[in-house]
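**Student:** Guided by the hints, dock chains E and B onto chain X, whose structure is given.
The listed protein sequences derive, respectively, from chains X, E and B.
So the first sequence is numbered by the working numbering: it starts at 1 and just counts up by one.
So the second sequence is numbered by the working numbering: it starts at 475 and just counts up by one.
So the third sequence is numbered by the working numbering: it starts at 863 and just counts up by one.
Treat the hints as calculated values from the structure; they're not laboratory data.
Keep in mind that a hint or two might mislead.
Unchecked claim - Cβ-Cβ distance ranges computed for the label pairs, FRET-style:
# : chain 1 : residue 1 : chain 2 : residue 2 : range
1 : E       : Ala559    : X       : Lys470    : 22 to 32 Å
2 : E       : Pro518    : X       : Lys414    : 44 to 54 Å
3 : X       : Thr302    : E       : Pro768    : 33 to 43 Å
4 : E       : Arg530    : X       : Arg266    : 53 to 63 Å
Stated by the list, open to error - According to the in silico footprint, chain B covers these stretches of chain X (three or more CB under 8 Å from chain B):
# : region
5 : 53–66
6 : 161–173
7 : 189–201
8 : 398–408
The C-beta atom is built at its ideal place from N, Cα and C for all residues, glycine as well.
Given next are the chains, with one letter for each unit.
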Amino acid sequence: MTNSAMARSDGSLAVIGAGPAGLAAALTAAERGVRVVLLDAGAQAGGQFYRQPAAALKARRPQALHHAWGTWKKLRDRLAAQVAAGRINHLTERHVWCVEPEFGDGGGFGVHALLGPGQTEAQTVTADAVLLATGGYEKVLPFHGWTLPGVVTAGGAQAMLKGGLVLPGRTAVVAGTGPLLMPVAAGLAAAGADVVAYVESAHPADFVRHTATLAANPAKVAEAAQYAARLLRHKVPVTVGHTVVAAHGTDRVEAVTVAALDRYGRVRPDTARRIACDTLAVGHGMLAHTDLAETLGCAIDTTGDPFVVTDAEQRTDVDGVWAAGEATGIGGAALALAEGEIAGHSIAARMKGAPPRPADWARAARTRTRLRKFFAALDTAYAPPAHWAEQVGDDIVVCRCEEVTAAEVRAAVKELGASDLRTVKLLTRAGMGWCQGRVCAPGVAGVAGCPVGPAKRPFARPVPLGVLAKEPGR
Amino acid sequence: MVGAACALYLARAGLATLVLDRGPVAGGTTGAGEGNLLVSDKEPGPELDLALLSARLWHDLAAERGIGRAVEFEAKGGIVVASDAAGMAALTGFAAGQRTAGVAAEIVDAAQLHDLEPHLAPDLAGGVRYPQDCQVMPSLAAAHVVRAARRAGAELRTGATVTDILRAPDGSVRGVRTAGHGDIHAPAVVNAAGTWGGEVAALAGVRLPVLPRRGFVLVTEPLPPGTVRHKVYAADYVADVASGDAGLQSSAVVESTAAGPVLIGASRERVGFDRTFSLPVVRRLAAQATALFPLLGTVHAMRAYLGFRPYLPDHLPAIGADPRAPGLHHACGHEGAGIGLAVGTGHLIAQSLTGRTPDLDLAPFRPDRFEEKSEEEKSEEKKETGQR
Amino acid sequence: MKRTPLELAQAQPGPAYAVTVDGREIAALPGQTVAAVLWTQGITSWRATRGSGAPRGIFCGIGVCFDCLVTVNDRPNQRACLVPAAPGDAIRTQEGTGHDELGHGAL
Numbered sequence: 001m002t003n004s005a006m007a008r009s010d011g012s013l014a015v016i017g018a019g020p021a022g023l024a025a026a027l028t029a030a031e032r033g034v035r036v037v038l039l040d041a042g043a044q045a046g047g048q049f050y051r052q053p054a055a056a057l058k059a060r061r062p063q064a065l066h067h068a069w070g071t072w073k074k075l076r077d078r079l080a081a082q083v084a085a086g087r088i089n090h091l092t093e094r095h096v097w098c099v100e101p102e103f104g105d106g107g108g109f110g111v112h113a114l115l116g117p118g119q120t121e122a123q124t125v126t127a128d129a130v131l132l133a134t135g136g137y138e139k140v141l142p143f144h145g146w147t148l149p150g151v152v153t154a155g156g157a158q159a160m161l162k163g164g165l166v167l168p169g170r171t172a173v174v175a176g177t178g179p180l181l182m183p184v185a186a187g188l189a190a191a192g193a194d195v196v197a198y199v200e201s202a203h204p205a206d207f208v209r210h211t212a213t214l215a216a217n218p219a220k221v222a223e224a225a226q227y228a229a230r231l232l233r234h235k236v237p238v239t240v241g242h243t244v245v246a247a248h249g250t251d252r253v254e255a256v257t258v259a260a261l262d263r264y265g266r267v268r269p270d271t272a273r274r275i276a277c278d279t280l281a282v283g284h285g286m287l288a289h290t291d292l293a294e295t296l297g298c299a300i301d302t303t304g305d306p307f308v309v310t311d312a313e314q315r316t317d318v319d320g321v322w323a324a325g326e327a328t329g330i331g332g333a334a335l336a337l338a339e340g341e342i343a344g345h346s347i348a349a350r351m352k353g354a355p356p357r358p359a360d361w362a363r364a365a366r367t368r369t370r371l372r373k374f375f376a377a378l379d380t381a382y383a384p385p386a387h388w389a390e391q392v393g394d395d396i397v398v399c400r401c402e403e404v405t406a407a408e409v410r411a412a413v414k415e416l417g418a419s420d421l422r423t424v425k426l427l428t429r430a431g432m433g434w435c436q437g438r439v440c441a442p443g444v445a446g447v448a449g450c451p452v453g454p455a456k457r458p459f460a461r462p463v464p465l466g467v468l469a470k471e472p473g474r
Numbered sequence: 475m476v477g478a479a480c481a482l483y484l485a486r487a488g489l490a491t492l493v494l495d496r497g498p499v500a501g502g503t504t505g506a507g508e509g510n511l512l513v514s515d516k517e518p519g520p521e522l523d524l525a526l527l528s529a530r531l532w533h534d535l536a537a538e539r540g541i542g543r544a545v546e547f548e549a550k551g552g553i554v555v556a557s558d559a560a561g562m563a564a565l566t567g568f569a570a571g572q573r574t575a576g577v578a579a580e581i582v583d584a585a586q587l588h589d590l591e592p593h594l595a596p597d598l599a600g601g602v603r604y605p606q607d608c609q610v611m612p613s614l615a616a617a618h619v620v621r622a623a624r625r626a627g628a629e630l631r632t633g634a635t636v637t638d639i640l641r642a643p644d645g646s647v648r649g650v651r652t653a654g655h656g657d658i659h660a661p662a663v664v665n666a667a668g669t670w671g672g673e674v675a676a677l678a679g680v681r682l683p684v685l686p687r688r689g690f691v692l693v694t695e696p697l698p699p700g701t702v703r704h705k706v707y708a709a710d711y712v713a714d715v716a717s718g719d720a721g722l723q724s725s726a727v728v729e730s731t732a733a734g735p736v737l738i739g740a741s742r743e744r745v746g747f748d749r750t751f752s753l754p755v756v757r758r759l760a761a762q763a764t765a766l767f768p769l770l771g772t773v774h775a776m777r778a779y780l781g782f783r784p785y786l787p788d789h790l791p792a793i794g795a796d797p798r799a800p801g802l803h804h805a806c807g808h809e810g811a812g813i814g815l816a817v818g819t820g821h822l823i824a825q826s827l828t829g830r831t832p833d834l835d836l837a838p839f840r841p842d843r844f845e846e847k848s849e850e851e852k853s854e855e856k857k858e859t860g861q862r
Numbered sequence: 863m864k865r866t867p868l869e870l871a872q873a874q875p876g877p878a879y880a881v882t883v884d885g886r887e888i889a890a891l892p893g894q895t896v897a898a899v900l901w902t903q904g905i906t907s908w909r910a911t912r913g914s915g916a917p918r919g920i921f922c923g924i925g926v927c928f929d930c931l932v933t934v935n936d937r938p939n940q941r942a943c944l945v946p947a948a949p950g951d952a953i954r955t956q957e958g959t960g961h962d963e964l965g966h967g968a969l
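Bound-form chain X, shown alone (with noise of 0.2 Å):
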């Protein structure tokens, strides 16, 4: 798009994504009189770090489930306000599916989204400029037992507690690798889940390197501190330096079997030991949802985990749209704020044609450093056992939606040829489910001992073809 069509004052700012990154975007644009449409797949703003119990369970106390309350109350109330002023027009249950530049005779861009849970119907809305705060997603890799109901993915048991106030079980393991797995584990506690095993694959060695850069966080630091406290205080047992080698069951899981790592990341057998549970919740970090910037074509980093590329503005390489929060790489709620009031100054700016004052957002800008240094650092410090790959048995499924094995992935490569993850795709049937890839994609590149790569879906969520079908209305 244009600068000119950029330079109206008039302009609106699409915000797709209501976690921290969004509404702090969306706050300081329209606390500087940009006029925001922000959409949101929740019934409320939040994001995953903020999810709140539903409405309708009347939930009283709903900061016993959440870290950092008087961030959110603030956040919320801000809200509200600016909802109240007409400047904030907060659209909910909207899943957007598309982000069309040269959209309609204005040249902007056209969000396109399916409406409410059901999903059937769709809504357009056009803007002159964007911002995709789209969040981040579970990474889990693929282990023995995996696929079996009751497996859940940590950041999927700490999600369904808060919006459902639920839990999956009584007697649970938190596995895998992360800073996720802390309040995952204190908060299925506190609510009264027995939570047998904690178990990290990183050693405290491998955050002595980093030592400088933590304590440059003393925040974090006191925040993990603050975890482990709860965690002794739940008597929940802690192991470092140990993996889930197995989760066993018929239909659901009845335990698991975790072992020691050896200094290069492998398991050492005879270590084994079973533990009874009838939930496992696992992570091995955090990926970002990146399909709506790749489609308009924002340039991707794919040297690990894709995230999108943005400027000191936060704005992506397309004119027009701009980018904040986990999807721009993870790192937390934190950071997720501090990029988001960044991009806000910036679009706040640029939409009236202005000049944008750094000074404005320096302490921002400060915040957004230390944090990306910060997360830089887990990065490196968590990172899955070296050698995951390898143990990864023929048998085990490593595409859950198309069951296709690690055996087929493997015969890909060594007999059909396959040495990229697309032709891996194309003669598997690994990522071609209806999750297209986005949750087995690390595994089965792992696997097949190729990058990951770019990711080209044009489809952020599945669309209805009678969705499809129909010319788009305003």
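**Tutor:** Below, chains E and B alone, put in the same frame as chain X:
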């Protein structure tokens, strides 16, 4: 797919064969195809003759142990439908011509149409059923045919880009130069580079005006077997295929797959190698498909992808020896019919290279038949092959 | 007695209402998703995969993995983690593609 088929027949004919691809197996248009093996959409002429030959050979290949199932070969038949009496008359006339060339074509009225495809829109005038139409999964087909070629002695090098075609002082082709794999000497080089066939031809200093013709495919959620039973398409598809128009041509093409999802096509545009997703084109495909099969309205599209068909101006591929560069042979430019025509092409190439009389007259497919081109047409081509 | 999430958040939802799961009537709390209702009943799987018929329920819990597909009021392939349970909803386990009404068997 075409390269894989050439390799198979050449290797089985006893020639030492090396297949080079700058990307992976099925990395080009093959990976974006639907896997059509059609006679139904071709009027009498050289392409239809090639399609009939190729169909017979595909059946033979699919009957070989392990291949048919592995490539999801389905002899399902095709149905072309007409929405009104005028369309029906045109279809009937077209089918009569095809029959003279050996195509089996059976007129079906509205009631029979419903028996054959229960979910078709109820108000269609009728159609023609073509029992000879088949389907495969194109990427699996290419991969398994390559594997069969390797079993017959062929060698495969993926990730090997050909940067030059080597020629002797007398102009004959002596092999290829590759990036990273050095020079490879061979008395015969087969250009099976599909949509990039023009670029490869240029390496040998000859012109082959292959242009990209972009197409999108919509893929639905998995549906049970029997939802769509044949390859079904609207009669205007044939006109689109044969058209030389650069603007968007689209008509409904709907078929199921062995794995469950239904594939929806077909669009054709000459936009160079533009890989930008086009929602308007995809919307049109959805509208046309739901008009044919109303039940699809509530079925979800899970993904859409695009590919570039290799298009030669007279809509016939280039097959056979290039008189301008002795030792260079071409097997490319099959537009949207590459999967179906590949096996026949491979067979003809092998016959040609082993000095046997090809089963089809190769004159209509001569690679040097485009020599008389105006400067304007040449610059048009330059524009369209600009990006990769 | 061990505490529950409802107690932790001091939730006071209105009265439970009835929904059915494969014809069996169960209670649902206002505001809960179909998945939450099923978990409350101790039900952790409500789908059989179309390949091997393996049981599946919640995996990611946020609508990304599509493991939790369930049929609600004859509409198949609804993500149980996203869809709120409404009074009188008929929830049915599903298998295969979820589309029993299409295909060879149905006609």
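**Student:** State for each hint whether it applies.
**Tutor:** Results for each hint:
1. Between Ala559 (chain E) and Lys470 (chain X), the C-beta spacing of about 29 Å keeps the proposed range 22 to 32 Å intact.
2. The hinted window of 44 to 54 Å between Pro518 (chain E) and Lys414 (chain X) holds, with their beta carbons roughly 45 Å apart.
3. Checked against the given bound of 33 to 43 Å, the beta carbons of Thr302 (chain X) and Pro768 (chain E), roughly 40 Å apart, stay inside it.
4. Separated by about 54 Å at the C-beta atoms, Arg530 (chain E) and Arg266 (chain X) satisfy the suggested range of 53 to 63 Å.
5. Counting residues of the region 53–66 of chain X whose beta carbon lies closer than 8 Å to any beta carbon of chain B gives 12, which reaches the threshold of three, so the coverage claim holds.
6. Only residues whose beta carbon comes within less than 8 Å of a beta carbon in chain B count, and the region 161–173 of chain X has 9; three or more means the coverage holds.
7. Residue count for the region 189–201 of chain X with a Cβ under 8 Å from a Cβ of chain B: 4. That meets the three needed, and the coverage hint holds.
8. Only residues whose C-beta sits within less than 8 Å of a C-beta in chain B count toward coverage, and the region 398–408 of chain X has 4 of them, enough to reach three; the restraint holds.
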